[in-house]
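2 protein chains.
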Amino acid sequence: MLVMKFCPLCGSHVSLKIPLDDNRERYVCDSCHAIHYENPRNVVGTIPIWKDQILLCKRAIEPRKGYWTLPAGFLETGESLINGALRETLEESGAQVEIGPLFSLVNVLHVDQIHVFYLAHMTSPSFQAGVESLEVALFDESNIPWDDLAFMTVIKTLKWYFADRKAGLLTANQAVVPHQDNIIAARK
Amino acid sequence: MLVMKFCPLCGSHVSLKIPLDDNRERYVCDSCHAIHYENPRNVVGTIPIWKDQILLCKRAIEPRKGYWTLPAGFLETGESLINGALRETLEESGAQVEIGPLFSLVNVLHVDQIHVFYLAHMTSPSFQAGVESLEVALFDESNIPWDDLAFMTVIKTLKWYFADRKAGLLTANQAVVPHQDNIIAARK
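Chains as they are written, first to last, in our numbering: chain A, 1 to 188; chain F, 1 to 188.
Excised from the complex, chain A in its bound form (with noise of 0.2 Å):
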């Protein structure tokens, strides 16, 4: 839990308590007793793919700088999971991308975030590294640096990748989740 002393509204201290009505210790705020709640955050991304490869990118920033991983990052207000998956990329890979079907969804409850990755193809052949990359590549399956990925979410969603592409459930590009309401900017 991230530890909050102040309230963000008028400045006074909090205090962690039980709201009435309620079930779970929450910050409320000693004067004006505003309860500031928190929530899991999603980081969307992609799985880029050209041809038989996979787009990565060596992270130029903490956490785990220096390690590979799938283009990725914190959804922001006032974009969708999609959008969100499509900057993403495109800030850390230079990558325009076609987006595909939602493939995986990973909980990831000791940091309390939600990783979502879509399937993803690259357009053309060419990415360049963005502020938070060091270097970004394309890798074959037999390439795919796995001592030196960053994120067991990213780990996870290659074996699962990889696996799919071996039984050949890739093919048939459909929606996986029946109905997403999404809102396709003009960046792709």
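What the hints contain is simulated information worked out from the structure, not anything from laboratory work.
Just to be clear, a hint being listed does not mean it is correct.
Copies of the same chain look alike in the list, so a pair counts if it works inside one copy or between any two.
Stated by the list, open to error - Derived DSSO-like pairs (lysine-lysine); straight-line CA-CA distance at most 27 Å:
| # | residue 1 | residue 2 |
| --- | --- | --- |
| 1 | Lys5 | Lys166 |
| 2 | Lys5 | Lys17 |
| 3 | Lys156 | Lys17 |
| 4 | Lys65 | Lys17 |
| 5 | Lys166 | Lys156 |
| 6 | Lys65 | Lys5 |
| 7 | Lys17 | Lys166 |
| 8 | Lys65 | Lys166 |
| 9 | Lys17 | Lys51 |
| 10 | Lys58 | Lys159 |
Given the coordinates of chain A, work out where chain F should sit on it, guided by the hints.
Same frame as chain A, now just chain F:
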């Protein structure tokens, strides 16, 4: 955007500014320079199904008090999407369900929320209104109170559900997100 006036960490005033290496305005503390990010929140719920009927709850709280909804609420820290959906279903409707696949995923940009609904089969026709519900009832498709539904995401999800049922798409209860990593608690 939420209004923040004081730093939750040190209690000093904050200002809206674009941090170095960023491209969006954030609340930054004038004194300790902490950056306070804001992110969308997830609302998770179920479509509780008993035979041909759907369980709906009449809201006892604002917003939309007195209107009907699918059981759903904010995902809490420390819980998976599925556990959140099960908890909200039990809290609001008293229904025990077997969770099914993810069915709908809707970006609600104007309130910075993502609404996530899972198919769920009730294990018995027993239910009761929780503290946030005035009334809970099973509805046939012909009796759904369309004009008295609480939220657009509930209307969309129910319309999609009945359209899919009519089209025979709900018989194969496959996982529709290929890879979802969930922690199903003892609660289920």
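For each hint, the structure was consulted:
{"no.": "1", "hint": "Lys5 - Lys166", "in the structure": "neither (52 Å within a copy, 54 Å between copies)"}
{"no.": "2", "hint": "Lys5 - Lys17", "in the structure": "both (13 Å within a copy, 22 Å between copies)"}
{"no.": "3", "hint": "Lys156 - Lys17", "in the structure": "neither (37 Å within a copy, 37 Å between copies)"}
{"no.": "4", "hint": "Lys65 - Lys17", "in the structure": "between (37 Å within a copy, 26 Å between copies)"}
{"no.": "5", "hint": "Lys166 - Lys156", "in the structure": "within (15 Å within a copy, 36 Å between copies)"}
{"no.": "6", "hint": "Lys65 - Lys5", "in the structure": "neither (30 Å within a copy, 33 Å between copies)"}
{"no.": "7", "hint": "Lys17 - Lys166", "in the structure": "neither (52 Å within a copy, 48 Å between copies)"}
{"no.": "8", "hint": "Lys65 - Lys166", "in the structure": "neither (31 Å within a copy, 51 Å between copies)"}
{"no.": "9", "hint": "Lys17 - Lys51", "in the structure": "neither (54 Å within a copy, 42 Å between copies)"}
{"no.": "10", "hint": "Lys58 - Lys159", "in the structure": "within (18 Å within a copy, 44 Å between copies)"}
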